[in-house]
Each structure stands twice: as C-alpha cells, then as structure tokens.
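Novice: Each chain, written out:
Number of protein chains: 2
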Amino acid sequence: MYTLYSMQSSGNCYKPRLLMAQLGLEFRLADTDSFDGSTRTDAFLQKNPNGKVPLLELPDGRMLAESNAMLLHLSEGSHYLPADSYERALTYQWLFFEQYSHEPYIAVARAWLHLVPGGRDKAADRLAGWHEGGYKALGVMERHLGAADWFSGSAYGVADIALYAYTHVAEDGDFDLSAYPGIRRWLDRVRGEPGHVSMDWRP
Amino acid sequence: MYTLYSMQSSGNCYKPRLLMAQLGLEFRLADTDSFDGSTRTDAFLQKNPNGKVPLLELPDGRMLAESNAMLLHLSEGSHYLPADSYERALTYQWLFFEQYSHEPYIAVARAWLHLVPGGRDKAADRLAGWHEGGYKALGVMERHLGAADWFSGSAYGVADIALYAYTHVAEDGDFDLSAYPGIRRWLDRVRGEPGHVSMDWRP
Numbered sequence: 001m002y003t004l005y006s007m008q009s010s011g012n013c014y015k016p017r018l019l020m021a022q023l024g025l026e027f028r029l030a031d032t033d034s035f036d037g038s039t040r041t042d043a044f045l046q047k048n049p050n051g052k053v054p055l056l057e058l059p060d061g062r063m064l065a066e067s068n069a070m071l072l073h074l075s076e077g078s079h080y081l082p083a084d085s086y087e088r089a090l091t092y093q094w095l096f097f098e099q100y101s102h103e104p105y106i107a108v109a110r111a112w113l114h115l116v117p118g119g120r121d122k123a124a125d126r127l128a129g130w131h132e133g134g135y136k137a138l139g140v141m142e143r144h145l146g147a148a149d150w151f152s153g154s155a156y157g158v159a160d161i162a163l164y165a166y167t168h169v170a171e172d173g174d175f176d177l178s179a180y181p182g183i184r185r186w187l188d189r190v191r192g193e194p195g196h197v198s199m200d201w202r203p
Numbered sequence: 204m205y206t207l208y209s210m211q212s213s214g215n216c217y218k219p220r221l222l223m224a225q226l227g228l229e230f231r232l233a234d235t236d237s238f239d240g241s242t243r244t245d246a247f248l249q250k251n252p253n254g255k256v257p258l259l260e261l262p263d264g265r266m267l268a269e270s271n272a273m274l275l276h277l278s279e280g281s282h283y284l285p286a287d288s289y290e291r292a293l294t295y296q297w298l299f300f301e302q303y304s305h306e307p308y309i310a311v312a313r314a315w316l317h318l319v320p321g322g323r324d325k326a327a328d329r330l331a332g333w334h335e336g337g338y339k340a341l342g343v344m345e346r347h348l349g350a351a352d353w354f355s356g357s358a359y360g361v362a363d364i365a366l367y368a369y370t371h372v373a374e375d376g377d378f379d380l381s382a383y384p385g386i387r388r389w390l391d392r393v394r395g396e397p398g399h400v401s402m403d404w405r406p
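Chains W and U are the protein sequences, given in the same order. Here the working numbering is used: position 23 in the first sequence is 23, and no number is missing along the way. In the working numbering, each residue's number is its place in the second sequence (first place is 1) plus 203.
Honestly, the hints are just simulated from the structure, not real lab data. Think of the CB as a built atom: it goes at the ideal place given N, C-alpha and C, for glycine as much as any other residue. There may be inaccurate statements among the hints.
Quick partial rundown of chain W residues pointing at chain U, CB under 8 Å, derived from the structure [said to hold, decoys possible]:
#1 P59
#2 R62
#3 N68
#4 A69
#5 H73
#6 E76
#7 Q93
#8 Y100
#9 V140
#10 R143
Pulled out of the complex, with its shape left as it was, chain W reads as follows (with noise of 0.2 Å):
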C-alpha cells in the first residue's frame, strides 16, 4: 500500500490524493503539518531531504517527493496522462506552468491569507504582488480554456488536477474569479469527473 505524508489543507498534497483516489489505489495517510515543525525533523528529513509534503512513499518503502512528480509517476499508463506524445508534451507544460507561475503567487496568498494565523496583517506589503503574478497566470488560463475544454490534451488529466488544486480555493487568497468565465465553467467540469473527491476527502 502507499503511504502519503500528507497536510489535509495543502493543496499540493490534495492533488495526489485525488488522483489516487480516481486510480482506485489504496493508500493510507499519515498527517504531517509543514507549519508545526513536523516536516523540519530529522527523522522526517531522512525521508525528504527537501523538507516537505506531499510527500509519497510507495508500497516497496521507496520515497517520491514533488507533486507534480507524484502526477506523472501515477498516472502512467492510465488515461489521466495522454497516450500521444504532443498531448502529454503540454501536460508536462502545464505541470510546470502551475508550479513556476501559478502556485507561488496563488497558493502562497491563501497560505497567508487562510492558513497561517495573523497572516493577513504579516503579509499585507506582498499582497499586491501575489495577485499580480496569480492574475497573470488566472489569465493565460482563461485565453487557453477560450479554445479547449481542458489542460491535459482533450481529456480530462494530471494537468487538469495540478491547476484545479489551487485555482478552486483561490478566493482564500482574495482572487475574485468572477471575471474568469472560462475557469468557473472548468472548475465545474473538473468537479463532474468520475471519482472526484473534494480537499476535505480521507481515504
């Protein structure tokens, strides 16, 4: 069985949790907070050199860090990564679009704004330069889903559940998506997939 070192409000650690959870694998959770300390340990060092969830132990003990890198190692071989090779090419594009330009502008707002305790007032000066980047990228989302109904090629995929984990919490980071048709109606179509679990979701 896997093993996933997991904090249940990050959405990095939720996208392997329900790819998992569309796969049908079996895995247990074992929860690990990054603000408590928990992924700063020596004993949990030994396992992440880098420090951080998700963290993926697969069922031979071996370790996998990296989300995204969870994604692609999972999905293989399954139709949640596209079988044609242009199709999968973009995914890997995506992957890391939503890594480099999407979750450290998005993602670290709702950490700020919705997770860490006085936040709000700590981050406030950074603010605005988290919205500039998360709306630049909310925007090369929205011109993409103008010509195409999803990330990962022309089905649902990996790329798909990358860019959902953070896009759908991104008003916890005070992004107003109302001006984003396009990605409301594809939040909703990620939403309709057979075996979606929502963050909340424990196996």
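Given the coordinates of chain W, assemble chain U onto it according to the supplied hints.
Specialist: Just chain U, lined up with the frame of chain W:
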C-alpha cells in the same frame, strides 16, 4: 527542423540547446530577449501566452513552452530519460525541485547581479533571501550526491541537464561552491559527457 526561441544568457534556454546538441537534433535559434520586451509583443504572446523564453517550435509548427517540459518531451525514447519507472519518477522529482526550490533563488540572483544593468544595487535588499533559498537547494543537492553520481537515476540525463543549467553559473549570483565538493565533482562529470556544449554554443 525545430526552432528554439531563446535568449543565449538564460540557463532555462540553455537546457534545450544542450539536450538537442547531445541528441544530434537539427535546430535553429530565434534570438528573443526577455529583457527588451521581445517576449511581450502581441506576435510573441500569440506563440506563448505566458510571455517567456525558451519556447520550442516543433517541426510541424506546434509550440511547446517550459524548459523542463522540452527536456521531457525531447528525451522520450532516448537514454537521457530513464527507462526504469522509479528512476523516471525521480527525474520528474528533480525537474520540479529545480523549478520550485532552485531556479527562483539561484537563477534570479544571477539575473539581478550578472545580467540586469545596475541590478546589484537595485536588488540589494533581496539578495539575502535568494542566498538562503539557494544554499538550501545546494545543500539538498550535495546530500544527494553523497550517495549518487547523477540526478537522473543511474546515468546522466535530463535532470542533470536541468540542474546544471544554473548551478554551473551560480557564482554569477555570488554563490560560493567551495563547501560543496560533491556538486563541483558532478559539474565536472556533466562537462565530460559526450556531446556536451557550453552555454555560449550556438548551432
């Protein structure tokens, strides 16, 4: 033939140049400077709505953004992407590590200190943060290299290319590699690989 929209001094643009050289792929460079506005023109945004280089135009005219997506796409079926499923998963892991935990510190410090006119003064108050994040990433790499020769599993591959791109010029961002002997030996191993080309090289 491939066309790579590329800025010669960018490590992200160097990654696909190096891999395409080692794969023996024919390609031409379309020089595109992200500092002079060339990536923000309407014509370029039609090609890449995220307004960044590198951008790869495939022989059939379709576009692919994100340097590490290019590495994965171009290396499929070659020995630069591990055939073993777990080694391939670790390759994914290091590629996402590079974009999230390494590049935003080491590449950004280099850009401001080495490429932006007057950048050393303008960025003075941010350098400590970039060094904190960058040295943390270098520490994770050094630890890995204590037990392994490569980041792409058992042989040189695209994770090594991705991490080499900015690590080998980390000193441009005032990073001191003298306390990282494992990294320095790995940099030498990368330089010794068949078909290696330097950042200056053009096809």
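Novice: Take the hints in turn and mark each one as holding or not.
Specialist: Do the hints match the structure? See the list:
1. P59: Since the shortest Cβ distance to chain U is 11 Å, the answer is violated.
2. R62: holds (6 Å)
3. N68: holds (5 Å)
4. A69: holds (4 Å)
5. H73: holds (4 Å)
6. E76: holds (7 Å)
7. Q93: Result: holds, 4 Å to nearest chain U Cβ.
8. Y100: Where the cut-off is 8 Å and the nearest Cβ of chain U is about 5 Å from W/Y100, the hint holds.
9. V140: With a closest approach of 5 Å, the W/V140 hint holds.
10. R143: holds (5 Å)
The structure does not agree with numbered hint 1 stated previously, though it agrees with all others.
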